[in-house]
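Colleague: Full structure from sequences and hints, please.
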Amino acid sequence: MVRPFRSRRPGLSRLIGSLAIGSVLIAGCGAPDAPTPMFSGDFTEFPVSVGARIIEPAESPPPAEPASCTPTASLRPGIAGVGGTLDEIRARGTLVVAVDQNTNLFSFRDPTTGTLTGFGVDLAREVARDLLGDPTKVEFRPLGSDDGAAMLAHRDADLIVRPVALPCESPQDLAFSTVYLETPRRLVVRDGSGISEPADLARRRVCTHDDPASVSALSRIAPKATILAVADWDDCLMAIQQRQVDAVVGAAHLAGIVAQDPNLDIVGPDSDSARYAIALAPGNDDLVRFVNGTLERVRTDGTWTALYDRWLSPLGPAPAPPSPEYRD
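Note that numbering that gives the first Met the number 0 numbers the sequence shown so that position 67 is 66, with each residue one more than the last.
Please note that a few of the clues may not be correct.
[As the list claims (entries may be wrong)] Derived Cβ-Cβ restraints for the label pairs, each shown as a range:
1. Pro222 / Asp308: 31 to 37 Å
2. Glu138 / Glu55: 39 to 45 Å
3. Ile53 / Gly301: 43 to 49 Å
4. Asp155 / Arg202: 43 to 49 Å
5. Asn262 / Ala148: 36 to 42 Å
6. Pro281 / Pro110: 34 to 40 Å
In short, the hints are calculated from the structure, not lab data. The beta carbon of each residue, even a glycine, is placed where N, CA and C say it ideally should be.
Modeller: See below:
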C-alpha cells in the first residue's frame with residue numbers, strides 16, 4: 000500500500016494547549032503504556048522532504064525482473080549530416096541540456112564557483128565538443144522531479160542527462176542513448192549500524208529515489224523493508240542523517256552521498272545493476288546516433304575512465320565502460 004507522508008508537527012497554539020493539558024494529566028494519573036513499535040529500525044519520525052511517500056511492504060514478494068528485459072539497445076552511431084535536429088543545434092550555437100542540479104558529484108553546483116559540474120555535466124560537454132567544437136557551448140537548464148519528457152517535446156531541451164536508472168520497459172515518450180554508466184546497487188549506512196547486507200533491512204525503513212526502476216529494485220532486494228521514496232537523492236542524505244531511515248539503497252548516487260558525510264559507509268554485496276542513459280525526444284534519430292558516437296569515443300579514448308576517476312571514485316576503482324548494445 001502506498002500512502003503520502005504527512006507531517007504531524009502541531010501549530011503553536013495547539014502545542015501550548017497540549018502542554019497545559021499534559022501537565023494536569025501528569026499530576027492526576029500515570030501515563031498510559033507506550034504502543035508497541037511497528038518497526039525494529041533505529042529511525043525517528045521527523046517531518047521529511049516535500050513529495051516524499053512511504054511504501055509499506057507488499058504481502059507477497061515482488062516478481063523478478065524479466066530475463067528478456069533489454070531496455071538498453073539504441074541506434075548505431077552515424078556520420079553527422081545536415082538538416083534535422085543536428086542542423087538546428089549548430090545554427091543555434093549551443094547544446095541545451097536539462098540536468099538535475101541536486102545530485103552531488105553527478106550534476107551539482109560547485110559551492111566555490113557556483114558553476115554546474117559533475118560526471119553528467121562533463122559528459123554533456125563532450126557531446127558539445129564533438130557537435131560544436133567547444134565543450135563550453137552548453138546551456139544547462141534545471142530539471143524538475145518529473146522525467147523531463149515535456150521539456151523534450153516542447154523543444155526546451157535537446158538532451159536530458161540525469162542519473163535515473165532505465166526501467167525494464169522504457170517509456171514511449173522518451174528515446175535513449177546507449178548506456179553510459181552501469182553500477183551495482185548497494186547500501187549506505189551509518190557507522191556502527193550493524194547493517195551489512197540487504198537481509199538486514201527487514202522491518203527497517205530504507206530511502207531511495209522515487210522512480211520506477213529504483214523503487215522496484217529495492218522491493219526485490221529487501222521485500223520486507225518499508226520504503227521512503229523521495230524526489231531528490233539529497234533528501235536521502237538528510238533522511239539518514241536525521242535518522243528517519245536506517246539505510247539508503249542506490250547505485251551511482253551513493254558516491255555523492257558518502258562524499259558529504261564521513262560517518263556514512265557504502266556496504267553490502269553487489270546486487271542487480273542500475274543502468275543510465277541520455278534521454279532524447281523520440282524521432283530525433285540523427286541526434287541519438289550522434290550522441291552514441293560521442294559515447295563510443297569517450298569509452299575508447301580514456302575520457303570515460305578519467306571522468307569516473309574524478310567524480311565516482313568513492314564507489315571504488317573505475318570498471319570497464321559499459322559495452323554498447325544496438326538494435327540496428
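Colleague: Indicate, hint by hint, whether the structure satisfies it.
Modeller: Here's how the hints hold up against the structure:
The hint said 31 to 37 Å for the Cβ distance between Pro222 and Asp308, and at roughly 36 Å that hint holds. The beta-carbon spacing between Glu138 and Glu55, approximately 42 Å, falls within the hinted interval of 39 to 45 Å. Roughly 44 Å separates the CB atoms of Ile53 and Gly301, a value that falls within the hinted 43 to 49 Å. Judged by the Cβ atoms, the range 43 to 49 Å given for Asp155 and Arg202 holds: they are separated by roughly 44 Å.
Remark: the range hint 36 to 42 Å for Asn262 to Ala148 is upheld by a beta-carbon distance near 38 Å. Taken as a hint, the range 34 to 40 Å holds for the pair Pro281 and Pro110, whose Cβ atoms sit roughly 37 Å apart.
In the structure shown, no violation is registered for any of the earlier numbered hints.
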